[in-house]
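Turn these sequences into a full structure, and let the hints guide you.
Going down the list, the sequences are from chains A and B. Under the numbering used here, the first sequence has 263 at position 263, and the numbering climbs by one with no breaks. Under the numbering used here, the second sequence has 283 at position 283, and the numbering climbs by one with no breaks.
Misleading hints may appear alongside valid ones.
Some chain A residues near chain B, calculated using beta-carbon distances under 10 Å [claimed, not checked]:
id, residue
1, Trp16
2, Pro27
3, His64
4, Gly88
5, Pro133
6, Ala247
Quick list of in silico lysine-lysine cross-link-like pairs, DSSO-like style, CA-CA up to 30 Å [stated by the list, open to error]:
id, chain 1, residue 1, chain 2, residue 2
7, B, Lys290, A, Lys105
8, A, Lys227, A, Lys105
9, B, Lys143, A, Lys38
10, B, Lys143, A, Lys227
11, B, Lys152, A, Lys227
12, A, Lys98, B, Lys113
13, A, Lys7, B, Lys143
Think of the hints as simulated: they come from the structure by calculation, not from any bench. The beta-carbon is built from N, C-alpha and C at its ideal position, and this holds for glycine as well.
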Amino acid sequence: MEKIGAKRTRLFIGLWTAFVVIVIYLPIICGALAGLSKGRYFAFPVRTFSFEWWQRTIGSFEIHTLVTNSLLIAFIVTIVSVVIAFFGALAFARYQWKGRRLYQKLLLLPIFFPQPVLGLALLLWFNALGITPSWQTAAIAHLVWIVPVVTLVIAIQVYSFDPVLEEAAADLGASRTFILREITLPILWPGIWSGALFAFLLSWGNFPLSLYTAGADSTVPKWLYSKMVAGYTPMVPALGTMSTLAAASLLLLGGLVVMLRRRRTA
Amino acid sequence: MADIALSSPGTITAPRRHFAIPAGLRCATPVIIFLLLGFVAPLVTVAAYAFATPRSFAVFRSFTLENFVTIFNPANSVWLSFAWSIFFASLTVLLLALVAYPIAYGLVRVFGKWSGLISVLFVFPLFVSENVRLYGWVLFFIKNGVLDGTLKLAGLVGGPDILFTPGIILFGMVYVYLPFMLFPMTLGLAMVPRDLVDAASDLGAGRMMIWREIELPLAMPGILIGMLLTFVLAAGAVAEAKVLGGQAIIMITHDIEIAFTYSQNWPLGSALAVLLMIIVSGLSLFVMSKLDLDRILGKR
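So, in structure tokens, the structure goes:
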């Protein structure tokens, strides 16, 4: 009896998971179809497929600016957040110090905060400081949310790191920079790498923070939203699909690097 | 800096320096400074605006409770958007707990070596902005869209008209926030020791009993984080109502946005934001004070 019950549970879990995965990717597929159909208005089943809207999207000057903005923000966010979060993660998980528990909880607050409200709050703050919102302020806004996320990602790696290794090297006379370069960084490398990937991709796809803090500048998600609300063209799903594919390729590439590197060290 | 060094003598961890700051605090300093400037300061600004004269920009120069009086005046319908947001956030949390639990259980116990790949499938949507994914649903449910077209092809009447209704907003929220429930829940379930479950089973405990007495209590920290996270994010949700709901319902964040943009009443918007912040931060700090993050993230 118990055996059959367990088997049935496993089957149910497998089927349910498969169903949810399909539901998750269904709208992404719908967008891809709309971007690849010929007419100006989407109708299913698609009569004629064409790359017309893809070509127009790729050729559009406006979209080049958007993509440049989004890429620039994502690069800056990745570099800054990984540097800050690396040390933040050491403080989170490696060292025992007085304010650590409090620090751990405060660090989580920006993650446990509705992003549209955070974006509006930052808009007020920039205004109070007399800063005109632009893509630079959007990068700062992304950092407020992404630094804590990356800190958590790296911290998980730090937990599995034995501080005795660092101490042993120090006892043998290694300098601080030598220890950092030869011991700490190589061991924490997978965490840092996934933190960087997270930072880049989360910034690339972020919409609510960019909406309020980018000012007159636009990013890919912000532009898509403005066109969804008013002035739909099939360039919207086409650009959405391209952006999704770019994120997917980066994720695959990132995973591949981890696999290759692990094989080399193994 | 000198104050910090004096109040916490870290001479044991770093014997070389005389008044050394503990290494942990030194590493935490960049994050702390950044979050003070980028997170705390904006929230303080919002709080200050909440007490400024309505429809003015006289922040830090005027003090009035008028904005809060406006909100709590039942003649205004602002409380309605609060109610909708809280109600929808609660429903989202409940539905997500039901949707995510079997998947989280599968990731920990059933899928084995496939878990990694399946997790990636659930993480990836986080990197596609929510408006793109929600717009995909518009294309699915719209007239002559994927659902409608498929049903007509099958010789049926066509799809139901569910776009721009409250129900579809709830669906959109459950859809967008699934990963935020799933992964904390998975971490929580991974904390349940397998031996304990086996031991209980050997001693004759039924599956219901094992679930109620062992799995659920031990996985609770992770489940709680997931519920908290999804509630907080859903309470501030706005894209779902705008893209899928066609503004059938005005969510609280939408009201805040209107105050900040169209009606140029920053003090009122700030007062609304402060109320939302109090709910959200109060709940977060309460739940987090009950959790041991080292155990959840580290030891497995």
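Verification of the hints:
Hint on A:Trp16 holds. Least Cβ distance to chain B is approximately 5 Å, under the 10 Å limit. With 10 Å as the threshold, the beta carbon of A:Pro27 comes within range of chain B, its nearest partner Cβ sitting at about 2 Å, so the hint holds. The restraint placing A:His64 at the interface with chain B is violated, with a minimum CB-CB distance near 19 Å, outside the 10 Å limit. Because the smallest distance between the Cβ of A:Gly88 and any Cβ of chain B comes to about 4 Å, under 10 Å, the interface hint for this residue holds.
Residue-level restraint check for A:Pro133 is violated (minimum Cβ-Cβ distance to chain B is 12 Å; threshold 10 Å). A cut of 10 Å between beta carbons decides the hint on A:Ala247: the least distance to chain B is about 4 Å, and the hint holds. Between B:Lys290 and A:Lys105 the alpha-carbon distance is near 11 Å, which keeps this suggested pair within the 30 Å criterion. Note on A:Lys227 and A:Lys105: the hinted pairing is violated, with a Cα-Cα distance of about 39 Å set against a maximum of 30 Å.
Between B:Lys143 and A:Lys38 the alpha-carbon distance is near 18 Å, which keeps this suggested pair within the 30 Å criterion. At most 30 Å may separate the alpha-carbon atoms for a hinted pair to count; B:Lys143 and A:Lys227 meet this at roughly 19 Å. Annotation: proposed proximity of B:Lys152 to A:Lys227 holds, straight-line Cα distance about 29 Å (limit 30 Å). Restraint check for A:Lys98 and B:Lys113: not satisfied, since their Cα atoms lie roughly 40 Å apart, outside the 30 Å limit.
Between A:Lys7 and B:Lys143 the CA atoms are separated by roughly 42 Å; this puts the pair beyond 30 Å, and the hint is violated.
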